[in-house]
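Visitor: Here is how the chains run, residue by residue.
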Amino acid sequence: MDQILTPLINLFHLQNLILMLIGTLIGVVVGILPGIGASHAMALMIPLTWKMDAIPAFILLTSIYATSKFGGSLTAILFNIPGDNPNAVTLIDGFPMAKNGQAKQAIGASATVSIMGGLFSSVTLVIFMPLMYQIILNFGPAEFFMLALFGLTAIAAVSSSSIVKGLIAGGIGVMIANIGYHPLVGQARYSFGTLYLKEGINMVPVILGALAMSEAIRLWMEGSSIAGEGVPLVGRYIEGVKAVFKNMGLVARSFLIAWVVGVAPGAGSTVAGFVSYASATKTCKNPETFGKGDIRGVIAGDGALHACAGGDLLPTLTLGIPGSNAMAILLGAFILHGITPGPQIVRLRADLIYTIAYVLFIAHVISVLMAVFFSNAMVKLTKTRAEIISPIIVVLCFIGSYIMREYWQDMLVTTIFGILGYYMKKSGFHPVPLVLGIILGPIAEFGLFEALSISDNWILIFFTRIPSLIIFLCIVAVIFWPYIERIYKRPKRAPIKT
Amino acid sequence: MRGEKGSFNCRDFLKIFILSAVVLALIEGGHIPLSFAKDAYPSGKITWLVPYKPGGGYDLLARAISPYLIKYLRELSPGAKGGDILIRNEAGASGQKAYSMVYHARPDGYTIGGFDISFATETLMEKLDFDIEKFNFLLRVNTTTRVLVTNKTGFANWEEMLKAAKTKEIKIGVGAFGRAQHIGAIIIKEKLKLPARLICLGGTAESMNALLRGDVQVSLGSEDSLKPLIDAGEIRVIADFTGYGGYPGIPTSKDLGFPDLGETIEGHRFVIAPPGLPKEISNQLVTGFKKAMNDPEFQAWVKKSDIPLNLIFGDEADRMAKRIFKFYQQDLKPILEKYLK
Numbered sequence: 001m002d003q004i005l006t007p008l009i010n011l012f013h014l015q016n017l018i019l020m021l022i023g024t025l026i027g028v029v030v031g032i033l034p035g036i037g038a039s040h041a042m043a044l045m046i047p048l049t050w051k052m053d054a055i056p057a058f059i060l061l062t063s064i065y066a067t068s069k070f071g072g073s074l075t076a077i078l079f080n081i082p083g084d085n086p087n088a089v090t091l092i093d094g095f096p097m098a099k100n101g102q103a104k105q106a107i108g109a110s111a112t113v114s115i116m117g118g119l120f121s122s123v124t125l126v127i128f129m130p131l132m133y134q135i136i137l138n139f140g141p142a143e144f145f146m147l148a149l150f151g152l153t154a155i156a157a158v159s160s161s162s163i164v165k166g167l168i169a170g171g172i173g174v175m176i177a178n179i180g181y182h183p184l185v186g187q188a189r190y191s192f193g194t195l196y197l198k199e200g201i202n203m204v205p206v207i208l209g210a211l212a213m214s215e216a217i218r219l220w221m222e223g224s225s226i227a228g229e230g231v232p233l234v235g236r237y238i239e240g241v242k243a244v245f246k247n248m249g250l251v252a253r254s255f256l257i258a259w260v261v262g263v264a265p266g267a268g269s270t271v272a273g274f275v276s277y278a279s280a281t282k283t284c285k286n287p288e289t290f291g292k293g294d295i296r297g298v299i300a301g302d303g304a305l306h307a308c309a310g311g312d313l314l315p316t317l318t319l320g321i322p323g324s325n326a327m328a329i330l331l332g333a334f335i336l337h338g339i340t341p342g343p344q345i346v347r348l349r350a351d352l353i354y355t356i357a358y359v360l361f362i363a364h365v366i367s368v369l370m371a372v373f374f375s376n377a378m379v380k381l382t383k384t385r386a387e388i389i390s391p392i393i394v395v396l397c398f399i400g401s402y403i404m405r406e407y408w409q410d411m412l413v414t415t416i417f418g419i420l421g422y423y424m425k426k427s428g429f430h431p432v433p434l435v436l437g438i439i440l441g442p443i444a445e446f447g448l449f450e451a452l453s454i455s456d457n458w459i460l461i462f463f464t465r466i467p468s469l470i471i472f473l474c475i476v477a478v479i480f481w482p483y484i485e486r487i488y489k490r491p492k493r494a495p496i497k498t
Numbered sequence: 001m002r003g004e005k006g007s008f009n010c011r012d013f014l015k016i017f018i019l020s021a022v023v024l025a026l027i028e029g030g031h032i033p034l035s036f037a038k039d040a041y042p043s044g045k046i047t048w049l050v051p052y053k054p055g056g057g058y059d060l061l062a063r064a065i066s067p068y069l070i071k072y073l074r075e076l077s078p079g080a081k082g083g084d085i086l087i088r089n090e091a092g093a094s095g096q097k098a099y100s101m102v103y104h105a106r107p108d109g110y111t112i113g114g115f116d117i118s119f120a121t122e123t124l125m126e127k128l129d130f131d132i133e134k135f136n137f138l139l140r141v142n143t144t145t146r147v148l149v150t151n152k153t154g155f156a157n158w159e160e161m162l163k164a165a166k167t168k169e170i171k172i173g174v175g176a177f178g179r180a181q182h183i184g185a186i187i188i189k190e191k192l193k194l195p196a197r198l199i200c201l202g203g204t205a206e207s208m209n210a211l212l213r214g215d216v217q218v219s220l221g222s223e224d225s226l227k228p229l230i231d232a233g234e235i236r237v238i239a240d241f242t243g244y245g246g247y248p249g250i251p252t253s254k255d256l257g258f259p260d261l262g263e264t265i266e267g268h269r270f271v272i273a274p275p276g277l278p279k280e281i282s283n284q285l286v287t288g289f290k291k292a293m294n295d296p297e298f299q300a301w302v303k304k305s306d307i308p309l310n311l312i313f314g315d316e317a318d319r320m321a322k323r324i325f326k327f328y329q330q331d332l333k334p335i336l337e338k339y340l341k
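Here the protein sequences come in this chain order: V and W. The working numbering puts the first residue of the first sequence at 1, with every later residue one more than the last. The working numbering puts the first residue of the second sequence at 1, with every later residue one more than the last.
Among the hints, a few may not be true.
Unchecked claim - Pairs of lysine-lysine residues, derived as DSS-like cross-links and limited to a Cα-Cα distance of at most 25 Å, are as follows:
1. Lys254(W) x Lys171(W)
2. Lys51(V) x Lys291(W)
3. Lys51(V) x Lys53(W)
Unchecked claim - With the C-beta cut set under 8 Å, the calculated list includes, among others, these residues of chain W facing chain V:
4. Leu60
5. Ser94
6. Lys171
7. Ile199
None of these hints come from the bench; they were simulated from the model. Glycine included, each C-beta is placed from N, C-alpha and C at the ideal position.
Let the hints inform the model, and build the full structure from the sequences given.
Guide: Right, here's the structure in full:
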């Protein structure tokens, strides 16, 4: 009991509390700024943590990591600008809600699942640490491939008007993701000898262009505000909170998906968010409202994002295997402080593990309070005229795409996809499938390639590995569930009276 | 094209964008110097281009040594006002971007970079826009030694692995194609005539995942990266190519009949400067690094963080790098081309 309570008490010492507040503020701010993720902020903080003891250092770094996603959700909902890649799922329903004047409900729902997700992350981190080795044995390239396919089924969800158009957009996204150096075959594809293309088209400029800039262009062309003319700003944050508690089954499913996906090193919160969203569109009633401002879309996507943190940390802490850039930086911080991640860390540094778990939850609560405080003013921006808001969005998109790698070509990519995204929407193509293709395409390709390499090109590996088969059956179930439900609920014919 | 409100149209939007892009391109590509005064070196910011993502061993080392390097560079040059070091991570295209940036930078001492010797094989795979042999190798920072590992339920020892390999090719998990682990595994396979299939898995993390799952039977990796799992007993060393024999009972390169094998597959990381760097600046940088590396505070950090250093400075580092290039690009060329092309 002492092992559990002492880290919690220490967390509220003045120095640690200040560090957690600073880390949370940094996390929310970098989350709001497009193109800058938690990994950038954590990398900048590393030199500052050298002279600190391990516990305060990890309070600061974990706070940044835990809270950046909620800041990104705010801009995704209000301006169709995902703060980081994982937030792309938030805007599918979040932004239409803002256009309908319901931004506060969306933010309220996102805030609630953020806190609940933080708590879920903390608890699962502590409970499952001793079991990590067994868990990781079950996630291989075949499972990654299936998970990516699961996420890609969300294409159908957001392409309700035309599945064919959705598939075309998704296919274009996958093709764009193929450009660049492939670490499994050692060749740069479609690079035309240029260093820029050898690195590949980064997904951030594409996402900012296709989703955010295209929307700014649309607002400019139509001369309207985000929440259209004649659309009042209605609702309160509390309605979003209530909506979460009305959909606890959906919340539970999202958290479970997030945990399963998060634990697989390399899958990450982006995959978790889209898999959860895809699952929600197939298992919830009245799925035709998804993509048009259904609060359940925000709950499903954001719930998975925030519940993922614990699963993300597990392989890094227990095996020293980082699954993302942010985790790689955290691993570096461990080395810097003379701590060796591995199975023995639970026994040797239980105080650190419990501190991280507590920070995952408490930082989420603080970040939500901070962000909701900022969001009051930000919500009013949804009624701002296009002449003012569109250039601001465009400038933010350029900053976000440039700041990542300092390539002017990334700004060109953002512009190209901004214009493309605008005309795609006009022609009935939703840009989200393109984004899905870019994000999930490489994961699917790597999974396929690696699975076939290790199995001597035996295609049945995807169906003979139990976890992969389970995910495949889940894909089949969610795709065919609406049809099964229709048959099951078909009214029985009354017997003919003779 | 637009509603009746406002007169700004799509053409205006494109004009503004193109103008902004041209301005930014000039700023990015123009390298317009802000001052032509000849001050004592260093009089400005030094950019250190790290060809890895943030958080790795080399990145941490660069960030840790920077304050000490600044201190000693200024001491060596009374009146020098600059010398702040900016670490820039440029991991793009497997570090190629960083190397290209260093190569094409002005040789004035204000741009240095990291260099991983395994990149030498890149010249066998594609044409580069720079010549790696023309870099100035200022110092070698550390050496990455290799071990061959299996998981805790895998082969009991080297002999058991050989016996299994005679029946069916064993699968060796390695990192990205053409990179250090892959090259090392190729050399081991060819020298020892090992019946094995090399499975490229993207990186050390993916390789270890595959090993723990049993998807590959053995894996070649750097000892530093694998230490946590070795210490925890999750993986076991079955061949020790480190050269210092830290695993009693485990065959070393010498035991396997190839005493130089470990050295051949070692990784080396350097600090480099652009070609044509004046000798006096090169010497000043080397001396600054020497003093910084020996600083007692920095040494204490090295001990605490357990990041190994294996330092060689100046001309010796330069000769070593060139020797390894010759080995990869000439001596090993026939073997490597078989696997890499």
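Visitor: Now tell me, hint by hint, if it's right for this structure.
Guide: Here is what the structure says about each hint:
1. Distance check on the hinted pair: Lys254(W) and Lys171(W) sit about 24 Å apart at the alpha-carbon level, within 25 Å; holds.
2. Annotation: proposed proximity of Lys51(V) to Lys291(W) holds, straight-line Cα distance about 21 Å (limit 25 Å).
3. Of the pairs offered as hints, the one joining Lys51(V) and Lys53(W) holds, with about 22 Å between alpha carbons and a cut-off of 25 Å not exceeded.
4. Checking Leu60(W) against chain V by beta carbon gives a least distance of about 5 Å; that is within 8 Å, so the hint holds.
5. Of the supplied interface hints, the one on Ser94(W) holds, with its beta-carbon coming within about 6 Å of a beta-carbon of chain V, less than 8 Å.
6. Contact between Lys171(W) and chain V, as hinted, is supported at the beta carbon level, the nearest pair being about 7 Å apart and thus within 8 Å.
7. For Ile199(W), the suggested interface contact is upheld, since its CB lies about 5 Å from the closest CB of chain V, less than 8 Å.
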